[in-house]
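Build the full structure now, drawing on both the sequences and the hints.
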Amino acid sequence: MTRRLFGTLCGLVFLVNFGRVAFPPLVETLQTQFGVGPATIGIVTSLVWLGTALPRIPVGYLLTRIPRHRVVLASGTLLVLASAFTASATSIPMLQVGAFAIGVASGAYFVSAVPLIGELFPERVGRMVGIHGTASQVAAVVAAPIVVAILAAFSWRETFWALSVVAAAVTLLLFVVSRDGSMDAATGADRNFMAALAHWKVILTGILLIAPAGFIWQGLFNFFVSYMTHAKSFDPTTASTMLTIVFAAGVPAFSLSGRLADKLPHVPYIFALLVAFSGALVALTFAQGFLAVAVVIAILGYVIHSLFPALDTFMLSSLPSDVRGSAYAIFSGAALLLEANGSGAVGFLTEANYGFEFIFQTLAGALIVAVVLLSVLYAADRLPGVQRKTRPST
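Counting in the UniProt record's numbering, the sequence shown runs from 1 upward without gaps.
Just so you know, the hints here were simulated from the structure itself, not pulled from any lab data.
Be a bit skeptical, because a hint or two may be false.
So the derived label-pair ranges between C-beta atoms look like this [said to hold, decoys possible]: (1) G37 / P58: 30 to 40 Å; (2) L197 / A294: 40 to 50 Å; (3) R65 / R4: 21 to 31 Å; (4) K201 / F286: 34 to 44 Å; (5) A153 / V376: 48 to 58 Å; (6) A152 / R382: 47 to 57 Å; (7) N353 / A294: 21 to 31 Å.
Glycine included, each C-beta is placed from N, C-alpha and C at the ideal position.
So, in structure tokens, the structure goes:
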């Protein structure tokens, strides 16, 4: 049952992530279809990630009352309905509501499924989170070419109609796999939501480690196609290819980084990834030509996607099982509320005539400053909830 459940979760995470990353390849198309500028579509893409963030803390409380696999089922059902609503959108407000609802479905999924995986595989958290993340990342890799193919044959709406139909099938399969009543006991709820707040130091550190990089990543990948066409002078097809490379580099990153996170000191490993991400982003602003840009974005994609399983492993390993779901919900919800503003910020700055290169160079510099400050705290044993001498178990 555990193997079948995990396999179905990998299928559903593919779909919930596809719903989130289907929007960046559609940015130019949606601007044309609705007759709006990049700031407006930037708000739409931000709403996907705000939707991902906002339900996490309430769902964390819900997980103290309802087994995690049932919340996963509810999130799959919501994805079916939200995708159909988005496909039916005839105005920007409808598109915004649909994007937000897709985000809510993904947020509810991740906040229930990731702790569930940690519970099902307590001795292999990093490895299994990495495999689960790889399934999610495959969706990011294929999203751009699938969307481009759909646009060539149909319209942008068919992307979300197809997502709705497939999500319905996978959610039904998950229901069948998990209908054995013993699953309720095997994946029980947290007992005390308020007890999660006692671990605020670990939660705060997790937010400080991921939110700055996540903010930048949101702004970069949601406007990646526009960045490639306007700043690098690539045609739309080449720009979409570059987006695919960014996400393809993340496929091995999730699996390998999850394994490394089980073996390496968590916080120094995360610091190294943050520095590498900042350096790759600066290098991207100077890179010119197909080959140079492709190499840099492959490195950037590998590094940023290595960061996510490293953070999840750090959090899941630092939190006790009786509050793991609710505490992880608080962490991920608060972090994503900050991160989700990245695409909106980049949209407004570009509409205010700031160039992409200047924006990303500034953001990369700000990230380095944040890493230096956190490193000083860590070296002085003042980073909240972290013992510098502590090493993860092998």
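Here is how each hint holds up against the structure:
1. G37 / P58: 30 to 40 Å: Holds - the Cβ-Cβ distance for G37 and P58, about 33 Å, lies within 30 to 40 Å.
2. L197 / A294: 40 to 50 Å: 45 Å, holds
3. R65 / R4: 21 to 31 Å: 25 Å, holds
4. K201 / F286: 34 to 44 Å: 39 Å, holds
5. A153 / V376: 48 to 58 Å: Given a distance of about 55 Å, which is inside 48 to 58 Å, the answer is holds.
6. A152 / R382: 47 to 57 Å: 55 Å, holds
7. N353 / A294: 21 to 31 Å: This hint holds: roughly 28 Å between Cβ atoms.
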